[in-house]
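Whenever a hint applies, use it, and build me the whole structure from the sequences.
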Amino acid sequence: MSGLILKDVSKTFAGKLVVDKISFTLNQPGVYGLLGTNGAGKTTTIRMLLGIITKDSGEITWNDKPVDRKTVNFGYLPEERGVYPKVKIFDQLLYFAELKGMSRDDASIAINKWAKRLKVEEYLPMAAEKLSKGNQQKIQFMTAVIHNPDLVVLDEPFSGLDPVNTDIIKSIIIDLVRQGKFIIMSAHQMATIEEFCTNILILNRGKTVLQGNLKDIKSTYPANRLQLDVNQDINKYLQKFEIENSKNHQYTLKITSEKSAHDLLQKLVAADVQIDKFEIMKPTLNDIFIEKVGAKNEIK
Amino acid sequence: MKSNNFRDTWTVAKFSMRDMVNRKSFRISTIIILILIVIGFNIPKIITNFTGGNFDDTILISDPENIYDDQLESLNQTNLKYKFEFQNANFDDIKNKINNGEIDAAVLVSKSDDIVNLSYIVDNAATVTTPPTALVDALSSLYTNIQIQKIGLSATQISQISPTFNFAIQQTEDKEIGGNLNVMMLMSVLLFFAIYFCAFQVSSSITIEKTSKIMETLVTSTSPRSIILGKTIGVGIVGLLQILLFVITAIISAKAFLDPAILSSLLDLSNFTVFLAIVTLGYFILGYFGYALLYAVTGSTVAKPEDIQAANTPVAIVTMIGFYLAYFTLMDPTSSLANIAALLPISSPFCMPLRVMMGIANGWEVILSTIILITTCAIVAHIAIKIYSNAILNYGSRMSLKDIIRTYKEK
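If you're matching them up, the sequences are chains A and B in order.
Take the first sequence: its position 237, counting from 1, is numbered 236 in numbering that gives the first Met the number 0, and each next residue is one higher.
Take the second sequence: its position 396, counting from 1, is numbered 395 in numbering that gives the first Met the number 0, and each next residue is one higher.
Derived from the structure by calculation, the hints contain no laboratory data.
Keep in mind that a hint or two might mislead.
[Unchecked claim] Below, a list of computed lysine-lysine pairs in the DSBU-like style, where the Cα atoms sit at most 35 Å apart:
1. B:K385 - A:K85
2. A:K169 - A:K6
3. A:K20 - B:K401
4. A:K69 - B:K303
5. A:K69 - B:K385
6. B:K401 - A:K15
Listed below in structure tokens is the structure:
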């Protein structure tokens, strides 16, 4: 199985290049992270991938065949959330399940199973307009996965969800990966991407600025932070450091090298300071993202 | 689980049917129209009430001066459907009888000089503007005949003075035109109604999906072709069933409330053959389909419900032109304009069934017009699907004609 391959995919709108020769491969089950600022081209890439809009050039294949509705069984949670406001939840889920090729009976079983998992059973007989936005979002998530797709595309799956519902969706995504599903996820919460994604691609103004295995990417970056938890004020030892955060004798310092951290440790030990925590840290994905797309770019 | 165009189209059609039937506005408008139909078929009765009583009324005729020489009972031999009572009674007697419900109205006959006075007495004159014309004519005619008999003319002489006139209509053109004007107009109006109220729902349905942001989920679930055709078929089936309901209600109301003589003169269905029924249904479906697809184009070009009306105006104007061309066909069915209108796809669904009913449509005209109409539907369907596919993510303002053409040319 060669999975999903995007090769030199480009798109222009009204003379403006919005996606410029993007390439990536998803050849084994897992979550692939698409990152970027507003207007970076993430949603356009997803829309081209799913055939909602046509690409100007490049290739998109699934198991060596051009991607379309007939060759790939995919599920999609769009960034623009939408439901039929006047239609009962059960009826609209049944509608989309049938359009995805499920029989009425199979669809009914799947709707009830997913409704139980997402804790929305009581809403099935209700019109969508009576549901909260969070619950409407869970219904849309059901639409994306109800037909057991091979490829799942989730555009900002956690935006607008409370912590409880975020956890429910997270556990489902983990299960989908265990079941061998291929997932593409666009998100702005860097912690979420770090939690799920093995591989990432960062877009800036339609161009790829960084892509690859997240662990490998991070390993190429030198350590840049030191976390300390001590039993007294140690500010007098920190004059050469930029203090990023400090409270209750817990410090987060920016460091230029691991040696400077070791030097500080020696000084604190010599001064008989009790050290509960000493951790030299690699840059976070957020650090890498800001470095790559520029701190001036606003994150949604 | 692979998609299947026919199955998807039918799934969209079923969903569209359910969605349309569940709409409050659809249910309310259907009920209002049904009520109006029932009221409409009662209008002749209401008019009769306002203009001089019902045919079933019991009318007392009082002739105390015996002006009619005891011949009033001959009124029972006329075609008048009133129940007559003949009795000498004054105004107070009549008033009591009306109040007691024994009679509905009365005619009090008197004479002053050479003038015969006929007082038509009812319970409340506010609802009666004139006495029943047929009754007045019958009383006048009877009085004239009595006077002629008094002169001493024989029955033959009386017959010569007032012969029975028989009028007939003949035409100079070779083609004989048949059919019933009322039935013809009704057919055109029904199609116009179906297009105006049902085909319009296709554009409304598409715009609602844009407004509710469900579009992206929908277009990744099935093809634009299935969506457009499914919506058109689904809304069309509901529209046809709605019209069928109106027609059945109209037939039942007509039978229940209209006088059979009036009904048969208004709706003479003797020219309505099986062939004509097939032609009518065929043009009805093709006409509806063509216009519904045009409405699908306009629905794709807007993103807000408030823009639908303006976007639909050009299609509504085209529909009106088609309808009025059919009207002109009725006025002058053998004119060049009528011949052209029968072939033009915007007007042929309205015109051709009428021409077939009138017996002036050639077989080749029907075939040619059908081919033109089907080809037009296929072209409009292609354009509608293309524009829908390329304009589904247009969430901005209403598209101009230039934008629509550009969108159509996009890959």
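message: Are any of the numbered hints broken by this structure? If so, which, sorted upward?
response: As far as the earlier hints go, not one is violated by this structure.
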